[in-house]
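In order, the protein sequence lines correspond to chains H and B.
Going by the working numbering, the residue at position 113 of the first sequence is 113; the numbering climbs one at a time, nothing skipped.
Going by the working numbering, the residue at position 82 of the second sequence is 82; the numbering climbs one at a time, nothing skipped.
Any given hint might turn out to be false.
Copies of the same chain look alike in the list, so a pair counts if it works inside one copy or between any two.
[What the hints assert, rightly or not] Lysine to aspartate or glutamate pairs mimicking EDC-like chemistry, simulated, CA-CA at most 16 angstroms apart:
1. Lys-271 <-> Asp-63
2. Lys-43 <-> Glu-130
3. Lys-282 <-> Glu-203
4. Lys-282 <-> Glu-125
5. Lys-76 <-> Glu-147
6. Lys-240 <-> Asp-265
I should point out that these hints are in silico values taken from the structure, not numbers from a laboratory.
There are 2 protein chains.
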Amino acid sequence: MKNILIIGCGLLGSSLLRRIKEKKIAKNIYIFEKSKKNILKIKRLNLSVRIVKSLKEGVINTDLIIFCTPMSEYKKIILKINKFIPPNCLITDIGSSKVVTSKIIQKFLKKKISWVSSHPIAGSEVSGPEHGKSNMFVNRWCILIKEKNTKKNDLKILDKFWKKIGSKTVVMSSEKHDKIFSMTSHLPHLIAYNLVKSAQEFEKKQNYNLIKFSAGGLRDFSRIAASNEVMWRDIFFNNKNNVSKAINLFIKSLNEFKKDINLKDNKSILKKLTQTKKVRSKIIKLKQDVNKPDFGRN
Amino acid sequence: MKNILIIGCGLLGSSLLRRIKEKKIAKNIYIFEKSKKNILKIKRLNLSVRIVKSLKEGVINTDLIIFCTPMSEYKKIILKINKFIPPNCLITDIGSSKVVTSKIIQKFLKKKISWVSSHPIAGSEVSGPEHGKSNMFVNRWCILIKEKNTKKNDLKILDKFWKKIGSKTVVMSSEKHDKIFSMTSHLPHLIAYNLVKSAQEFEKKQNYNLIKFSAGGLRDFSRIAASNEVMWRDIFFNNKNNVSKAINLFIKSLNEFKKDINLKDNKSILKKLTQTKKVRSKIIKLKQDVNKPDFGRN
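Next up, chain H with everything else stripped away, as it sits in the complex (with noise of 0.2 angstroms):
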């Protein structure tokens, strides 16, 4: 690939940047980003990425644009670039929801422009340029969705894209992509958000000193809480069928968890124990989590 331009240089993106550099992946790469205080970032790391200073300047002559902003900056960018997308760029994004970004992609992008959206599953409690990482994709699965309109060939360049970036790739529809991830990252972070607010309340409402007491539990969902606002407003908004939803099934799930405690139901609640622990040495066994207790923290 000869030129690829990053829209939005935060975590992800310098992640992206740092990796494209390291495996010569591209030429030249180029670096749109709106906030000064993330280009005064960029400049003191010292990644040499040209930063262009419009978005016209970046696209003119590129093959591939990948989108690292938030998902409510797409339609604005879209319509400020298109009548400057030459015809073979292919476009992608990282976005972690899909159908309604699908939408807009359909509805704003100049027709014959190819977009085929990924979802590398990675990022971090930590926002900014300065804690991307070249290795933040590598061994991680990356979703690519396939539409109806999808060409096989764009998907065969995202495909190779994504593999020299070191991710392992799955195909999916951007419906089947917004239910699994409804349940194991939206719904997750909303109960994680969730959590800590209840514990805020009861803080204050019973004026006790409970943070200090976390290491019991609470600072692991602490961690996931600590993400970035403005990318889970987008995805909590945008995917909101899926994660109402979920948040029923929990809530279900969470009434009956209730019940067998107050009913002191000894062989429904151990059932219930069990049955989770399952899960975690599948998630080791299947490379998803180290296998170190407490994560190795300590």
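Put chain B on the given structure of chain H with help from the hints.
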């Protein structure tokens, strides 16, 4: 201290054992363990500890007894050791809920014997003596429970003991303890179990292979949901009133979250998603978690 007896030598019992030996806190240390499998493991670990064959043998000359069994075992053990406990012996335990065990102790323990309850805020998702480590309690909080009849001197002895172990101590009532930990520990564990359970149900219903995409959030919860089931059943049952209230608070808050999402209430959701970030900073500042993105696990 001359003699210490640890009853139950799993993850925490064996961690205490290691630390007591390392810091030479007692002249002699005895273990009573009913699981033959654990006894074999302890022998293989070469911890050079005396494993007593009967509770009587362990109790008869001891200065300090530490209950490290599941809380549902306390009553049975108390009834077995009552007639052998020497008059000046102090008893403690490391159970994670306090009001119910306090009632059991008051009802069944031989009069004039002192039991001051402890709760070290430490643990892991793995069980068994082979996972114990001598620094398990170092720099961690240990809650000491002060009841109406708790003798100052007993509390002092126990405080000294835990400080020698390396813990920071704080004294509170069993009622306050159970309220605080229903929110910082019991609810988080219940939520984690419930989330993994919801994901399992969803996977079955949709016939999707979810677990392999767990790196987007679910995997963090799966760690907590792999904790020892008997220990957690006991905690949920013993602290059921506070846990029920915590569940109710959590569900109320979750429904508000759902409302924000369905109404796309930008202001309200951003407030929720940013406030929680402060808690994470506080937890890091209070040294209740490591200050590394993603727990430093990658």
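Violated constraints from the hint list, given by number and in increasing order:
Of the numbered hints, 1, 5 do not hold.
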